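A.B. asks: As a plain string of letters, each chain reads:
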Amino acid sequence: MTTQRAEAASGPAIDIRFGQVGLIQVLIWTTNPGAILDELTGRVATAPKFFQRTAVSIDLGPLGREPSVEEMQGVLDAVRRAGMCPVGLASGAAVAPALSRPLDLPLLPPFREFQPPAEVGARTRREEPRPEPQPEAGVLAQLHPQPVRSGQRVYARGRDLVVTATVGAGAELIADGCVHVYGALRGRAVAGARGETGARVFCQDFHAELVSIAGVFRVFETLPPDLAGKPVQAWLDGDALRFERLGA
Amino acid sequence: MTEIIVVTSGKGGVGKTTTSASMACGLARRGKRVAVIDFDIGLRNLDLIMGCERRVVYDFVNVINGDCALKQALIKDKRLETLHVLAASQTRDKDALTEDGVRRVLDGLIADAFDYIICDSPAGIEKGAHLAMYFADRAVVVVNPEVSSVRDSDRILGLLASKTHRSVNGNGGVKEHLLLTRYNPRRVANGEMMSVEDVKEILGLDVIGVVPESPDVLSASNAGVPVILSETSDAAAAYEDAVARLLGEELPLRFLEEPKRGFFARMFGG
Chain P
1160 MTTQRAEAAS GPAIDIRFGQ VGLIQVLIWT TNPGAILDEL TGRVATAPKF
1210 FQRTAVSIDL GPLGREPSVE EMQGVLDAVR RAGMCPVGLA SGAAVAPALS
1260 RPLDLPLLPP FREFQPPAEV GARTRREEPR PEPQPEAGVL AQLHPQPVRS
1310 GQRVYARGRD LVVTATVGAG AELIADGCVH VYGALRGRAV AGARGETGAR
1360 VFCQDFHAEL VSIAGVFRVF ETLPPDLAGK PVQAWLDGDA LRFERLGA
Chain V
4 MTEIIVVTSG KGGVGKTTTS ASMACGLARR GKRVAVIDFD IGLRNLDLIM
54 GCERRVVYDF VNVINGDCAL KQALIKDKRL ETLHVLAASQ TRDKDALTED
104 GVRRVLDGLI ADAFDYIICD SPAGIEKGAH LAMYFADRAV VVVNPEVSSV
154 RDSDRILGLL ASKTHRSVNG NGGVKEHLLL TRYNPRRVAN GEMMSVEDVK
204 EILGLDVIGV VPESPDVLSA SNAGVPVILS ETSDAAAAYE DAVARLLGEE
254 LPLRFLEEPK RGFFARMFGG
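First to last, the sequence lines map onto chains P and V.
With the working numbering applied, the first sequence corresponds to residues 1160 to 1407, in that order.
With the working numbering applied, the second sequence corresponds to residues 4 to 273, in that order.
Because the hints were derived from the structure by calculation, they are not lab data.
Be aware that one or more of the hints could be misleading.
[Claimed, not checked] Computed footprint of chain V on chain P, listed as stretches where at least three residues anywhere in the stretch have a Cβ under 8 Å from a Cβ of chain V:
no., stretch
1, 1192-1205
2, 1306-1320
[As the list claims (entries may be wrong)] Residues from chain P shown here face chain V by an in silico Cβ test under 10 Å; the list is partial:
no., residue
3, GLY1242
4, ALA1324
5, ALA1343
6, ARG1345
[Unchecked claim] Once the Cα atoms are required to be at most 20 Å apart in a straight line, the calculated EDC-like pairs of lysine to aspartate or glutamate come out as:
no., chain 1, residue 1, chain 2, residue 2
7, P, LYS1389, V, ASP98
8, V, LYS178, V, GLU252
9, V, LYS14, V, GLU252
10, V, LYS79, V, ASP98
11, P, LYS1389, V, ASP201
12, P, LYS1389, V, ASP115
13, V, LYS35, V, GLU243
14, V, LYS178, V, GLU216
15, V, LYS166, V, ASP115
16, V, LYS35, V, ASP98
17, V, LYS166, P, GLU1331
18, P, LYS1389, P, ASP1364
19, V, LYS79, V, ASP103
20, V, LYS203, P, ASP1364
21, V, LYS166, V, GLU253
Here the structure is a predicted model, which is why all the values come from computation and not from measurement.
Beta carbons: idealized from backbone N, C-alpha and C, even for Gly.
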C-alpha cells in the first residue's frame, strides 16, 4: 500500500500510449440473429478457447446497406451469446457512423485500410531529415589539457578535439572533427565520428591502438617501425586509411 | 590540518598494504599523528602487517554502523605512540561501506586532530576502492614495473581525476604521486623489466619513491613489522626516502642500480 501511494504521488495518474493489438473481424452478410448465432456457435465450437470472451469488431461492409439500430442490437446480442465481446463497428461505407452513438460502440477503420495511427505518426516523424549539428563557422576546438587515462573517453561534439597531454592505452578520443594530440597517443583516436570523411588524426608521438576516420578504422597489433614514436597524421583517401610521418 | 592520503593501485598484490603500513610508520616516527585505515572489507590484512591482529576488537564497519565509538576501534601501535590502526571487518563485504559512513569516520579523525589519515585501498575499482579514494587529498599510486600494473595504475589515475570529492567539487583535484615497488635493477638492465623512466613516461607523473625488490619485505610482513622498521634493509631506506619526499624534502632516487658486488663476494660467488 505504501509503495502504491508513493508511486501515485511521484508520477502521473495515467499514461496514454498508442498500441496495436490484433482484433478479430466478424463480417456480416445478414442481420438475421438466428443465422448469425448458428454459424458463430459452429465456428466457436471448433476452437472454444480461442473465441471465448474474445474482442471482435463487427464489419458491416458486406451488408451493403444501412441496418436499423434494432437490427444491429439483435446482431450484437447473437454475437455476445456466441461468447464473443463486440468492441466496435467497422465499415468502409458511411453506414456505421449513425449507429455508433445509439449502440455505444466506437468506429474502427475497416481491416484492409487499417493502419495504427501511432505507427503512421512515428514513421513520418522519423522520415523527416534530422537536423545534423553542423560545426558552425568559428567554433573552437575542444581543449583537453589533462592526461586522458586508460578507461576514460573524451568526446568533442561537432568540433575538433585537442589534447595537450598523453593519452593512455585503453583511453578513447572521439571527435566529430579532427583529433590532435600534442603528446603520446597510446589509446584510440576516432575522428569524423558522424561520418565526416575529411577529418584527420594528428599526434606527436604515435603509439595508437586504433585509428578510425568516418568509420574506416585500423588496429595496430604491431606498430609500423617507421611510425612508432613519430609525429604522424592519418587521413582518409577514398576507402583507404593513410598514415604519414609528419615533417619527414 | 589533516591530510587524507589514499594508497591505491588498481591491480592486486603490488604492495599497497606494505606501503600503507610503512608510510604510516614513517610519518609517525617523525612525530606526526597518523591513523591508517584498512578499506579492504572482508580481506583484512593491514592488521597482520602492522602486527596488531590479535588486538582487533572493533573494526571500521562497527564504527560506521555505530556499534562502537571511533576511539574504541582505533588500535594504538605498540612501537610508535602517535600511530593508530583502524582494521577492516573480516566478516562483512564491501557493501557495508557507505559514502556517508566513511565521511563520518574521516570527520571523526579530523576532529581528533590527526595529521595524516592513510587509506589502504583494496584492489579493483569497485566500491571499496572508490570510497578509499573518494575523500583523499593526495594519492600514492603503487605500481610494479610491468605492463598490467602500469595500465591499471593509469586507469586508477583517471578515476582519481574524475571520481573523487576534490575533482567533483573542483577543489584542485587530488595530488598524485607514483611509488614503484618490487624494482629489480638487474632485470631492468637486462631489459626484462620496465625502467623508472619508462613508467614515468607512460603515466606522466613524478616518482615519489622506488622500493627495490627485497626478501626483507616478505619476512617483515610475516613478522608483523612494517618493513620500514627493519633497520638494515634497502626497502626500509627507500620507504624512508619516500616519506621524506611526501613531506616535501628533495632527495635523489636510490637503489636504481644493481649493488656492486664486493671483492670477496666475487671471489667466492656469494
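A.B. asks: Against the 20 Å threshold, does the CA-CA distance of V/LYS178 and V/GLU216 hold or violate the hint?
C.D. replies: Roughly 26 Å separates the two Cα atoms, so the pair is violated.
A.B. asks: Holds or violated: P/LYS1389 with P/ASP1364, Cα cutoff 20 Å?
C.D. replies: holds, 5 Å
A.B. asks: Quickly compare the C-alpha distance for P/LYS1389 and V/ASP98 to 20 Å and report which way the hint goes.
C.D. replies: violated, 47 Å
A.B. asks: Given the hinted pair P/LYS1389 and V/ASP115, is their alpha-carbon gap at most 20 Å?
C.D. replies: violated, 54 Å
A.B. asks: Quickly compare the C-alpha distance for V/LYS14 and V/GLU252 to 20 Å and report which way the hint goes.
C.D. replies: Cα-Cα ~29 Å, so violated.
A.B. asks: Checking one constraint from the list: CA of V/LYS166 to CA of P/GLU1331, max 20 Å. Satisfied?
C.D. replies: holds, 18 Å
A.B. asks: Does V/LYS178 pair with V/GLU252 here, judged by a C-alpha cut-off of 20 Å?
C.D. replies: Holds, because 16 Å separates the two Cα atoms, which is no more than 20 Å.
A.B. asks: Do the alpha carbons of V/LYS203 and P/ASP1364 lie within 20 Å of each other, as the hint requires?
C.D. replies: holds, 15 Å
A.B. asks: Against the 20 Å threshold, does the CA-CA distance of V/LYS79 and V/ASP103 hold or violate the hint?
C.D. replies: violated, 25 Å
A.B. asks: Using the nearest Cβ pair, does P/ALA1324 come within less than 10 Å of chain V?
C.D. replies: At 7 Å from the nearest chain V Cβ, P/ALA1324 passes the 10 Å test, so the hint holds.
A.B. asks: Holds or violated: V/LYS35 with V/ASP98, Cα cutoff 20 Å?
C.D. replies: Answer violated: V/LYS35 to V/ASP98 is near 32 Å, above 20 Å.
A.B. asks: Holds or violated: is the Cβ of P/ARG1345 closer than 10 Å to a Cβ in chain V?
C.D. replies: Nearest chain V Cβ about 7 Å off; hint holds.
Hint compliance for this structure: hints 1, 3, 7, 9, 10, 12, 14, 15, 16, 19 and 21 are not met, and every other hint is.
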